[in-house]
Amino acid sequence: MSSTDDARAAAAKARADLEQTLDAIEDKLNVPKRVGELTKKAEVAYRDNPLPFVVGGAVAAITTVGLIAWGVFGGKRR
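Position one of the sequence shown corresponds to residue 584 (the numbering used here), numbered consecutively onward.
Hints in this document: simulated from the structure, not taken from any laboratory. C-beta atoms are modelled at their ideal positions from N, C-alpha and C, and glycine is treated no differently.
Cβ pair distances, simulated, as ranges: (1) T647 <-> T604: 40 to 46 Å; (2) V627 <-> S585: 50 to 56 Å; (3) G619 <-> V648: 31 to 37 Å; (4) L634 <-> A597: 47 to 53 Å; (5) K624 <-> A597: 32 to 38 Å; (6) V648 <-> D600: 54 to 60 Å; (7) G619 <-> R591: 36 to 42 Å; (8) P633 <-> A599: 42 to 48 Å; (9) R630 <-> E609: 25 to 31 Å; (10) D589 <-> R630: 52 to 58 Å; (11) R591 <-> K623: 40 to 46 Å.
In silico DSS-like cross-links for lysine-lysine, where the CA-CA straight-line distance does not exceed 25 Å: (12) K624 <-> K611; (13) K611 <-> K623; (14) K611 <-> K596.
Construct the entire structure; sequences and hints are all you get.
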């Protein structure tokens, strides 16, 4: 192989590496795609075991009601 062939091969490898890097960056910065992936993961997790989601929802509801009650009936008394 000549030095020209070596340089072309090195340039082709560098282009391929750059393309792979840019694709990875694009995937990381593509928010709608990431949201879609996370939504699918959450749906699968819920289908596999819904209990943590139910418990989390119940805790959030109880906390919300408690904070509202505390704001209405508690707090500083004059």
